[in-house]
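Novice: Protein chains in written order, with my numbering: chain A, -4 to 549; chain B, 1457 to 1745; chain C, 56 to 391; chain D, 20 to 345.
It is possible that some hints are incorrect.
Stated by the list, open to error - Computed footprint of chain D on chain C, listed as stretches where at least three residues anywhere in the stretch have a Cβ under 8 angstroms from a Cβ of chain D:
(1) 168 to 174
(2) 184 to 190
Unchecked claim - Derived BS3-like pairs (lysine-lysine); straight-line CA-CA distance at most 30 angstroms:
(3) D:Lys191 x A:Lys267
(4) D:Lys104 x A:Lys348
(5) A:Lys440 x A:Lys195
(6) A:Lys199 x D:Lys191
(7) A:Lys50 x B:Lys1506
(8) D:Lys191 x A:Lys440
(9) A:Lys521 x D:Lys104
(10) B:Lys1502 x A:Lys520
(11) D:Lys104 x A:Lys267
(12) A:Lys199 x A:Lys385
(13) A:Lys390 x A:Lys50
These aren't lab readings, by the way, just hints derived from the structure by calculation. Beta carbons are placed, not taken as given, at the ideal position from N, Cα and C, and that holds for glycine.
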Amino acid sequence: MKRWLVAAGLSAIPFLSANAQPAGDAVRPLVILTQPQAASPQDYQAAEMTAEAWKALGLKVTVRPLPGQQFNQIVWYERQRWDTTTWQMVGRPERSDPDELTYNLFVSANIANGYNLVGLNSPDYDKLAQAQREELDLPKRQALIRQAQELINQQQPYGFMVHPKNLVAFNQTVWDESSMQVQAGIGIRNFWTWTNLKPKGTQKDVIVNSVAPPTNLSPFNIPGAQGSWATELVWDRLMRIGPDGLPRPWAAESVTRPTATTVDVVLRSGMKWHDGLPVTIEDAVFSLEAPGFGDKAPMYRPFVGNIAKVDITGPMSLRITLKRPDAAFLVSSLSKLNLAPKHIWAPIFEDLKNKPETAESIMEKVPVGSGPFKFVSVKLTEQIVLEANKDHWAKPNVDRWIMRIAPNVEATLGALKSGEINFLTDYTGDPDLLTQLAKSTPTIKVADSLDIGFRFIAYNERRPPFNDVAFRRALSAVMDREALAADAYGGAAVPANSWISPALAFWADPGIDKRVPGGSLAAAKKILTDAGYVFVGNELHYPVGVKETTPVYN
Amino acid sequence: MLPWTRGCRSVRSVRLDPYATVGFTIYTAIAAMAVFARQLAPYDPKAILKVGNRIARYLPLSPEHWLGTNSSGRDVLSQLIWGARSALEVGLTAAFAVVAIGTLLGLVAGYLGGWADRVITWFADIVLGLPFLPFMLILAALTRPGAGVVIFTVAALLWPNTARVIRAQVLSLRERAWVEAARVTGCSTARIMFVHLLPQVLPLAALYGSVAIGWAILAEASASFLGFGDPEIISWGGMLQESYANQALSRGAWNWFAPPGAAIMAMVLAGFLISRGSEKLLFPKLADQ
Amino acid sequence: MSLLSIRGLTVTYATGAGPLRAVDALDLEVPAGSITGLVGESGCGKSTLGRALMGVLPDRGRIAAGQIVFEGRDILAESERARRALRWRRMAFIPQTAMNALDPVQRLSAQMAEVLIERGGLGRAEAAAQAAALFRLVGLDPARLSAYPHQFSGGMRQRASIALALALSPSLVIADEPVTALDVIVQRQILDVLRELQARLNLAMILVTHDMAVVAYACDRVAVMYAGQVVEAGPVAEVLERPLHPYTMGLTHAFPDVHDSAMALVPIEGSPPSLLNPPAGCRFAARCPFADPRCVAEPPPVRPFGQDHLVACWHAEQAPALRVRAADPQTWAAIA
Amino acid sequence: MLRLAAGRLGHLVLVLWVVTTLTFVLFRLMPGDPTLNFLSPSFSQETRAALLKGFGLDRSLWEQYLIYMGNLLRGELGQSFLQGKSVAALLGEALPNTVILTLVSLTAAYAFGIVAGAFLAFRRGGVVEALAIPTTLATRAAPEFWLGMLLLAGLAFQAGWFPTGGALSPGKEMGSFSESLISADYWWHLALPALTLMLFLQGLPLLLMRATMLEVLNDEFIVMARMKGLSRWSIVMRHAARNALLPVVTAFALGLGASIGGNVVVETVFAWPGIGRLLVQAVQSADYPLAQGAFLLIAAVLVVMNTVADLAYAALDPRVSVGAKR
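Next comes chain A alone, as it looks inside the complex (with noise of 0.2 angstroms):
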């Protein structure tokens, strides 16, 4: 009955006001998807406060937190169904070349299945993607890539909310500080780091921590970011990404592109692996091809994706031959890829071949790789424990290097506090008390860096009225992303608008951020009213004659 009378209620509105105001249907209440505060609990409140704002301009809005496993299946596998969620692109070293996302997220090969989860169809912009990614000469590289900015910052499939500071903590009595390395995009918590850490007193095991467990730690697997970070150091890579963000020659002598499709490559001699055994020119081409093999590598599958061959062209050299010209090869393959001992792997992927699990989910009992640091034990759930591979060319100055895995965020601030741990690497916490710890705890010593990742408020396109750009704008517009830098995110972010951060300075567009279209509520609502939008009382409808016609997430 008195669901009867609310119904009867809400459709007198339009018949009553239609003689003041023409309008179509309300639009129908808005969902935001996120994690539940217990995972997330900035994006969490991030996406309250984006909701509260959305309020203002006449819309119904709810958050909808979702577990993690059902936030994934619904957001990826899902996609016509929910109408916005928050999300997040983690800053990896590979991504200090802007290619992989730049291509990614809003091209529209990625729109059935890959990364362009909001279904931008642009072809200017495909256009654009292309073409970055086929330039090599930088200047003109650059241009294009600020254009993409730019065309993205017209179209807003995002609701870019901030580029997050990465913090970090460690004990200053155990480590010289001026032995870190920074890293731009990724701070003093980074591969060059580890290998460069001098002790200052006795204590020569480098205690970090991770807040989730890596998954199964394998050549071909990437598991997680924590996990990257043991993995970086137990497996060579021909290239690395150095602390400047470009590429630099690692366990090759020499890198070299004779032409735009060409790519020559000298292996560092003298190189063993772990487990005794010489690296050799075969290991390096087994490891740029098996990933290639079958469906068996599916993570590392695209970074081959553009090898047509590989050629050994003497004892310790090799060619790649590209399928196309391709500028951030050497960052998003020769960075990326591991190198893997034939020996061990070749039987794997033999053995796998008329199995159904891919090489990712196999774990050595010891893994072995040829690093400046190799397993000892691993517990994914406790701990990981690696130790200083004295025979390396880039030895450590560290003797072990070990992770210690606890979700629990207090338990970590605790454990550095207490020395349990001492160089804290994953604080997904509250910035402001790891100030205050800092400023209670002088031996602690905290270093925030920004970061190459971002959050955002995806917009489903395939969702009416967000396939309406006007529509996004208006979103767009309302959001203060100052408000949510300090508030949401402690402060510990800056506010964004584009998917490149402000650390990949020679990328970034300064200024981005300030040219929001509209950029405020008077501003939005006017977006909105020119786009035929209408204000009925304080509720907004579609322009007139259009129908809601899209089901309320549910």
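Dock chains B, C and D against the given chain A, drawing on the hints supplied.
Specialist: Frame of chain A, contents of chains B, C and D only:
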């Protein structure tokens, strides 16, 4: 001692026992909070309060905010008051379900005996072999997390305790003269069970209910803590989880962290106190061994 | 000279409504070497009296007044330590329900040994031998010493209890309803054992019972208790043949005679008075078919009547006539 | 006794079968599919299908059930999706930690509870009781994780007396579990979680001991013991405690079973690497084989301990174990 006399005594002691008085007082206070939440709570518990255009995070205790605000700028006292509502909803629903199922099966098993008794006892044994929290977690993972899972788990796994006691009591009651008399005068089995026996066992069942309320609240809190609560509902367990996720401990935000825990404790304690008259109620498994 | 004489003994229980006088200014003499039956309805205080004698009253009970002179000593005046020394060595107890009175989780050998060693000061081997002897004494197979109480029948448990009671050769044994829970045949066997042992060991025994038939069968003397007081006492033959108190007259009819089960059962209507506020006059007055206003107003004193026979009734002189009327069930029915 | 044991064991097998079957049904009802964890742009539909096939999820339910039961009987629990290790091995690593935590805390709780409960039974109705009973009830009423968090905040974060989590100090390597057991480091890490659990668990033995003690003290055989002039010590220790302990010992066995599953929360708070934490992580990350294995193990322990409790009671009470009469 016959279970019957034990039951009698505990029911009577509920009225006399000072502990039980405290228990009922706590329940009354919580019920009042739940019913009058709208009037009592100074703020909308979900409203994000602002100071200027910034969120009013972590405001200290003040006349405006007796228990301060939390990390998302919400009034802690208002949340505490509204939390009583979901606590009562979850607690009462679950307790009602436990009592209803337990009493029904206990009655049937005790009065009918024979194969009905054997089947029910066997079923109870199976249920006692399912670990409570893990079962709830799995269930929460495969359906939508929230109060429903908690209530279902409590009802599905805790009825055997009540059923056992009711069954024992019915076994002794059915031999009584007046039951015999009812049988002789041609009362139907259903009538004897529900009209004659049921009112006799209800007080005992209600005592079990008061304990079940507590277990349900604890279960809900645990589920919330492990991330399987209903995030859209304001509950004490959810408040604890939220404070935990936002490091209220490190911050020393006792005003946020302590009250919901204390409220849960008080509510569970109230159930214990009420049933204290018969301590064996707390140890149903052992009582009849 | 009595082995035990009780003078003015008053035992009260603390209750919510004030003290309850379970035993009220009671006098009783128990001569050595005989069985004295203590008979009365349940709740009349006879079991309390037994426990008071042993010095083990329930938590709320206490001895408010009186003397218990045992073997010439006023034991109430003595220290707890001295009283404890008496227990079981000089006076022992046979409980009503041997199932609960024996520790369910200990073998009988252990329960015998405990008493013999801890209280009797025997060595382990001696104790074992003594336990076997005691078992034989009460007619049990010593091999059964290794059994648990629940493995025994009721009669066997009661025999074991008797063996336990006799373990330290006491001079007085208080048997609290020793045969109540048993069936008639076994009752008789146990009573035979008690009588035989009493004679053989020259024990004094107080046999608490509610059953006149038991008294008739087993006792030398009898004291009839009503509402915390002894209303009539004397030799069994005398009291049963020529009861002086109407209550005794009623009781003799209220229970089937062991010898003549065909005899009509005449129950006494009504129930005993509240011991919280006992009536001013004769406590039996309310149920007595022969009561007159004096009975209601004044408590009758205990008077000797004839040879060794005590009674507390204003109408004891008319007893022969009353006995005739008491034999008629109609007399009792009129009360109700 | 033997017949009783055989009967209980038969019953145990039956209950185990039903519980495992129930688990099977429960897990097959899960929506979505397990491959989601390998979320990646390059993850093709074909690969997902292949993975499903690999887990046998493409067969009929009956076939899956037969395979499942067959695997269970061989102790084969499958492979963890996320950790790339056999579930059995992961459970094997975690189980000893859970068992130790449970045993230590339960033993401490019962030792304390029995003594305190017996004491309270003697001191009936005093100020001590008036304070102790509500305190005990309150400890039992507080959410475990809340207690744990308070202890963690006070004794670990603030005072720094105890480690903040885990079972061993960072980098400590133990060749075997027995090596852990004799290391002080392990016990130092165990202290806080064990204390939390102990606080939570002590209420039951305390109240139970008190209640049965009170009951026993009023039993006829205790009165008889007093009449026998036995010393207080003999009465309490030989007769009262022995009888009062029976249900407490049974509760201990039941508690052992229940606690293994109930440790979930405490293990999570203290990052104690036991079965409970493993289960939570598995459920949170939808690692179904691992979650299923952990659940089965916990349920099996519970069922077995329920049976052990029955048998223990029977063994300790001659009324049950000696002679058929009850």
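Novice: Does each hint fit the structure? Answer for all of them.
Specialist: Verification of the supplied hints:
{"no.": "1", "hint": "168 to 174", "verdict": "holds (count 4)"}
{"no.": "2", "hint": "184 to 190", "verdict": "violated (count 0)"}
{"no.": "3", "hint": "D:Lys191 x A:Lys267", "verdict": "holds (27 angstroms)"}
{"no.": "4", "hint": "D:Lys104 x A:Lys348", "verdict": "holds (20 angstroms)"}
{"no.": "5", "hint": "A:Lys440 x A:Lys195", "verdict": "holds (15 angstroms)"}
{"no.": "6", "hint": "A:Lys199 x D:Lys191", "verdict": "holds (14 angstroms)"}
{"no.": "7", "hint": "A:Lys50 x B:Lys1506", "verdict": "holds (16 angstroms)"}
{"no.": "8", "hint": "D:Lys191 x A:Lys440", "verdict": "holds (25 angstroms)"}
{"no.": "9", "hint": "A:Lys521 x D:Lys104", "verdict": "violated (58 angstroms)"}
{"no.": "10", "hint": "B:Lys1502 x A:Lys520", "verdict": "holds (26 angstroms)"}
{"no.": "11", "hint": "D:Lys104 x A:Lys267", "verdict": "holds (27 angstroms)"}
{"no.": "12", "hint": "A:Lys199 x A:Lys385", "verdict": "holds (14 angstroms)"}
{"no.": "13", "hint": "A:Lys390 x A:Lys50", "verdict": "violated (57 angstroms)"}
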